[in-house]
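There are 2 protein chains.
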Amino acid sequence: MKLASLKSGRDGQLVVVSRDLSRAVAVGDIAQTLQQAMDSWSDTEPALTARYEALNNGIVDGAFDFDPAACDAPLPRAYHWADGSAYVTHVELVRKARGAELPASFWTDPLIYMGASDAFIGAHDDIEVESEDWGIDFEAEIVVITDDVAAGTKPDLAAKHIKLIGLVNDISLRNLIPAELGKQFGFYQSKPWTSFTPVLVTPDELGDAWDGRKLHLPLRASLNGTLVGAPNAGVDMTFDFPTLITHCAKSRSLMAGTVIGSGTVSNVGSVDGSCCLAEVRCLETIADGKPSTPFMSFGDRVEIDMLDANGNTIFGKIDQTVVQYQPPT
Amino acid sequence: MKLASLKSGRDGQLVVVSRDLSRAVAVGDIAQTLQQAMDSWSDTEPALTARYEALNNGIVDGAFDFDPAACDAPLPRAYHWADGSAYVTHVELVRKARGAELPASFWTDPLIYMGASDAFIGAHDDIEVESEDWGIDFEAEIVVITDDVAAGTKPDLAAKHIKLIGLVNDISLRNLIPAELGKQFGFYQSKPWTSFTPVLVTPDELGDAWDGRKLHLPLRASLNGTLVGAPNAGVDMTFDFPTLITHCAKSRSLMAGTVIGSGTVSNVGSVDGSCCLAEVRCLETIADGKPSTPFMSFGDRVEIDMLDANGNTIFGKIDQTVVQYQPPT
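Taken in sequence, the protein lines are chains L and R.
Position 114 of the first sequence, counting from 1, maps to 114 under the numbering used here, and the rest follow consecutively.
Position 147 of the second sequence, counting from 1, maps to 147 under the numbering used here, and the rest follow consecutively.
Okay, chain L solo, but in the shape it has when bound (with noise of 0.2 Å):
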């Protein structure tokens, strides 16, 4: 099953969307919105297949033309958005390119942020910000959506929330984070906005490239039409999803509609191309001894994909442009 939701109010209006992606048809019988969706899955998932299976069939009442340009975020405000490093390979590239040595705790104890869940925007939304100078860079991530999760939960039960599937732009600020990493309180300032692909789609749609902890399948990023990078986000991924939700859920549960991300997918010696510029540019620092690609700049154009092995979009594309943003005076 494939879902978005259209831009209306603050929550948008929950449709469910054919596997092909043109046609869409709203469900609001059974649930208004993605969160409402989420608070009762196990009586709304069944309801949403069988609109799904009919709209796929052709045999639906009121399905209408599928525009990836009005959806908001699937989940257009959210409870909980915690963002993994599961790619530990990045993380100790980004330390290398700044000459220091990755904790050895950090291939077991998996890093995860919180980050902000009441700033997710739609797949063509603008990304605004108000000055380059705070260092604009795209990270292209695999998210997971999942229901309520028990404190305590261990992975393999960990393994059975996971309800949605989707793809992610971490919006992050790189010139606005070696001060708030050095506060040691996480990021906050430096991730702005997180934008999410126009559907989110459940397992079953991945086929055998979704292995019920990781998907296998390159993670396509493009930066003003040319593609940056296209790792596989099944390789080198040194925490699964499962993992990850454990460790979120250690001390506390977590609620329906919970957003479990991966961080940038990276592959070790990043041959298939990098997912964020900041990888870009530290491969370059190790190389040169200096980066060479600069950060975002007003007006260009982030682009990030996942297309199954017919070579058709899975969740649909991000596609954003970067804008200045005037505050308020």
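Keep in mind that a hint or two might mislead.
One copy or two, either will do: identical chains are not told apart, so a pair holds if it fits within one copy or between any two.
Said to hold, decoys possible - With a straight-line cut-off of 20 Å between C-alpha atoms, the simulated SDA-like cross-links for lysine to any residue are:
no., residue 1, residue 2
1, Lys96, Gly182
2, Lys214, Ala26
3, Lys160, Leu307
4, Lys183, Val94
5, Lys154, Ser131
6, Lys154, Thr238
7, Lys250, Phe298
8, Lys160, Thr329
9, Lys183, Trp107
10, Lys214, Val268
11, Lys214, Thr89
12, Lys154, Thr329
13, Lys7, Asp319
14, Lys183, Ala100
15, Lys183, Arg98
16, Lys96, Trp107
17, Lys214, Glu101
18, Lys7, Gln36
19, Lys183, Leu21
20, Lys7, Asp148
21, Lys290, Pro68
22, Lys154, Glu130
23, Lys183, Arg95
24, Lys183, Thr243
25, Lys183, Glu132
Everything labelled a hint here was simulated from the structure, so no lab data went into it.
Following the hints, complete the assembly by docking chain R onto the known chain L.
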């Protein structure tokens, strides 16, 4: 005006509570939940205020006795919880106890972490923790709730976005903190639940004690019936609430219903005691070379309260017991 959410489903049932906290009345015709009220505060606030005045005057139908133990957190789940360390004197003390210098920038650049806005609990709810070895502590704090705040909002404008004020217990697992801060990604497992006073109040309820930026009254924290401290929340608050809001909104907007916390209230020299056991233990370490006060055990009871000039509770009392939690197997 005073507002509470009675336990009911995931989001509670919004009620208006009389000034003396004796009576309440449902307001479902205005807003079913506090989040709904916050989502259109300029519309709902006048209607809620009228109902509040009628309740205080004893001329409203359907009023009933108010039971603080029936309360959920006023926002049982929220989209954003940002907790500052606005009393830098506390941070300085913690550093001094471990022989570390406070960076000079800590006096000018607020420390803020993103908290678990999906893990809010009611004033009388048990504090469920799996292990005493995690170092269970309370932190008594002031919080404000904002309406929508545009990115880049400066302090003078930010002050106008403070709509409600309350107290919280920012439950902390002290023995999990050093490893998490060492990873620089902020608190996660070490900050599980946050409990709230039964009611939140509008700023006008606080009279002269609220100056639009700080709350000038002692915050009382007790353990097993013995007062641990009652420092004045208006004293030694390095960063006032408008400054904290501006910090949080530097690079993104804040959603209506955002909760901004002061961090543990603390006065220079801790002359009126402390609002968390960690501070007590730091003072002991500085004086005696080691702490003598233990963290909380299962069965311990923590109370947090604030009294007006006449000795009456303003927000109702947080009154919680620590209990052992059994994770699923």
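Verification of the hints:
1. Lys96 with Gly182: Both, since 18 Å and 18 Å are each at most 20 Å.
2. Lys214 with Ala26: neither (30 Å within a copy, 47 Å between copies)
3. Lys160 with Leu307: neither (25 Å within a copy, 47 Å between copies)
4. Lys183 with Val94: both (18 Å within a copy, 14 Å between copies)
5. Lys154 with Ser131: between (43 Å within a copy, 16 Å between copies)
6. Lys154 with Thr238: within (17 Å within a copy, 42 Å between copies)
7. Lys250 with Phe298: Answer is between: at 18 Å across copies they meet the 20 Å cutoff, but 41 Å inside does not.
8. Lys160 with Thr329: between (49 Å within a copy, 14 Å between copies)
9. Lys183 with Trp107: So Lys183 and Trp107 pass the 20 Å test across copies only (12 Å; inside, 23 Å).
10. Lys214 with Val268: within (17 Å within a copy, 51 Å between copies)
11. Lys214 with Thr89: So Lys214 and Thr89 pass the 20 Å test inside one copy only (16 Å; across, 45 Å).
12. Lys154 with Thr329: between (49 Å within a copy, 8 Å between copies)
13. Lys7 with Asp319: within (16 Å within a copy, 42 Å between copies)
14. Lys183 with Ala100: Both ways: Lys183 and Ala100 sit 18 Å apart in one copy and 14 Å across, limit 20 Å.
15. Lys183 with Arg98: For Lys183 and Arg98, both the intra-copy (18 Å) and inter-copy (16 Å) Cα distances are at most 20 Å.
16. Lys96 with Trp107: Classified as within: same-chain Cα gap 15 Å, cross-chain 32 Å, threshold 20 Å.
17. Lys214 with Glu101: neither (27 Å within a copy, 43 Å between copies)
18. Lys7 with Gln36: both (16 Å within a copy, 18 Å between copies)
19. Lys183 with Leu21: Classified as neither: same-chain Cα gap 44 Å, cross-chain 41 Å, threshold 20 Å.
20. Lys7 with Asp148: Classified as between; 18 Å across copies, 26 Å inside a copy.
21. Lys290 with Pro68: Neither: 39 Å inside a copy, 60 Å across copies.
22. Lys154 with Glu130: between (42 Å within a copy, 14 Å between copies)
23. Lys183 with Arg95: Classified as both: same-chain Cα gap 18 Å, cross-chain 13 Å, threshold 20 Å.
24. Lys183 with Thr243: between (27 Å within a copy, 18 Å between copies)
25. Lys183 with Glu132: Answer is neither: 23 Å inside a copy and 28 Å across each miss the 20 Å cutoff.
In this structure, the earlier hints numbered 2, 3, 17, 19, 21, 25 are contradicted, and the remaining ones agree with it.
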